[in-house]
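There are 2 protein chains.
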Amino acid sequence: MINIYDDINKLESTLRQTPEFKTLKEAVELVRSDEESKKLFTNFRDIQMKLQEKQMNGEELLEDEYMYLQKTAQLAQQNPKILAMLEAEMAVSKIIEEINRIIVKPIQSMYDGL
Amino acid sequence: MINIYDDINKLESTLRQTPEFKTLKEAVELVRSDEESKKLFTNFRDIQMKLQEKQMNGEELLEDEYMYLQKTAQLAQQNPKILAMLEAEMAVSKIIEEINRIIVKPIQSMYDGL
Ligand SMILES: [Ca+2]
Ligand SMILES: [Ca+2]
Chain A
1 MINIYDDINK LESTLRQTPE FKTLKEAVEL VRSDEESKKL FTNFRDIQMK
51 LQEKQMNGEE LLEDEYMYLQ KTAQLAQQNP KILAMLEAEM AVSKIIEEIN
101 RIIVKPIQSM YDGL
Chain B
1 MINIYDDINK LESTLRQTPE FKTLKEAVEL VRSDEESKKL FTNFRDIQMK
51 LQEKQMNGEE LLEDEYMYLQ KTAQLAQQNP KILAMLEAEM AVSKIIEEIN
101 RIIVKPIQSM YDGL
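Chains as they are written, first to last, in the UniProt record's numbering: chain A, 1 to 114; chain B, 1 to 114.
I should point out that these hints are in silico values taken from the structure, not numbers from a laboratory. Keep in mind that the hints are not guaranteed to be accurate.
Heads up, the list lumps identical chains together, so a pair's fine if it works in one copy or across two of them.
[Unchecked claim] Think about it this way: if two alpha-carbon atoms lie no more than 30 Å apart in a straight line, the pair counts; the simulated BS3-like pairs of lysine-lysine are:
#	residue 1	residue 2
1	Lys10	Lys50
2	Lys22	Lys10
3	Lys39	Lys94
4	Lys25	Lys38
5	Lys10	Lys39
6	Lys38	Lys105
7	Lys54	Lys10
8	Lys10	Lys71
9	Lys39	Lys105
10	Lys50	Lys71
11	Lys50	Lys105
12	Lys22	Lys38
Given these sequences and hints, build the entire structure.
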């Protein structure tokens with residue numbers, strides 16, 4: 001009996017020990033503990049989620065909505081604590097993508113030439 | 001120095017040993033080696049990809065396109081070899097989702113209450 005959970009949990013534990021993970025955790029705490037940064041971030045995130053949901057329902061975004069999202073994103077990124085957090089998120093995302101790339105590669109290969 | 005690749009490769013190797021992975025591999029080979037099944041599947045997959053691309057570009061699908069996709073999917077699923085492959089894909093997808101759920105959980109938790 002193969003227990004894949006042992007390997008998943010091991011990987012999850014190692015991921016938590018990476019500098020990228022630790023940097024992100026610190027960056028999130030800095031945003032959380034600063035009222036202004038926290039507000040800018042949650043505002044941007046809430047708008048983004050609302051508009052993404054709309055898009056996933058097959059609705060096109062109005063130009064006004066798109067511009068408001070862009071502006072809110074711009075405002076958030078001008079905040080150094082949020083910018084640092086977004087950059088840390090990207091570094092962690094790269095690891096997650098790398099994990100997925102390696103994991104799904106043998107599955108994708110099954111379909112080669114099909 | 002943390003070498004996360006050791007853990008990723010270990011997990012990838014274990015995944016390849018699961019019954020779900022082996023069942024999928026056999027199911028894909030059965031589709032590949034049967035001309036009729038292969039044609040039905042690749043036809044469905046190609047249409048699905050084309051329409052998904054359209055949707056990702058923010059274009060809405062025409063009702064005709066949607067119905068054609070549904071019909072091609074229906075035809076494909078009436079083929080027992082393809083149906084078995086799609087079911088095997090779902091079983092493997094569940095494992096991949098479970099891996100991702102566990103891996104990203106500590107990242108998502110960072111944002112709790114934000
Ligand atoms: Ca401040
Ligand atoms: Ca046949």
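Have a look at Lys39 and Lys94 and pick one of within, between, both or neither, based on CA distance no larger than 30 Å.
within (27 Å within a copy, 36 Å between copies)
Indicate which option fits the pair Lys22, Lys38 if close means a Cα-Cα distance not exceeding 30 Å: within, between, both or neither.
within (19 Å within a copy, 47 Å between copies)
Which holds for Lys38 with Lys105 at a C-alpha limit of 30 Å: within a copy, between copies, both or neither?
between (38 Å within a copy, 21 Å between copies)
What label fits Lys10 with Lys71 when the C-alpha limit is 30 Å: within, between, both, or neither?
Cα proximity of Lys10 and Lys71: none, with 41 Å in one copy and 44 Å across.
Alpha-carbon proximity between Lys39 and Lys105, which holds within one copy, between copies, both or neither at 30 Å:
Answer is between; shortest inter-copy Cα gap is 23 Å, intra-copy 40 Å.
Between Lys10 and Lys50, at a C-alpha cutoff of 30 Å, which is it: within one copy, between copies, both, or neither?
Intra 35 Å, inter 38 Å, cutoff 30 Å: neither.
First find the shortest C-alpha distance between Lys22 and Lys10 inside one copy, then the shortest across copies, and answer within, between, both or neither for a cut-off of 30 Å.
both (17 Å within a copy, 23 Å between copies)
With 30 Å as the alpha-carbon cut-off, assign the pair Lys10 and Lys39 to within, between, both or neither.
neither (35 Å within a copy, 41 Å between copies)
Intra- versus inter-subunit Cα pairing at 30 Å for Lys25 with Lys38
within (14 Å within a copy, 48 Å between copies)
Pop the pair Lys50 and Lys105 into one bin, within, between, both or neither, using alpha-carbon distances up to 30 Å.
Between. Shortest inter-copy distance 22 Å satisfies the 30 Å Cα cut-off; intra-copy 33 Å does not.
From the Cα coordinates, with 30 Å as the cut-off, is the pair Lys54 and Lys10 best called within, between, both, or neither?
neither (37 Å within a copy, 39 Å between copies)
Can you tell me if Lys50 and Lys71 fall within 30 Å by alpha carbon in one copy, between copies, both or neither?
within (15 Å within a copy, 32 Å between copies)
In this structure, the hints that do not hold are numbers 1, 5, 7, 8, in rising order.
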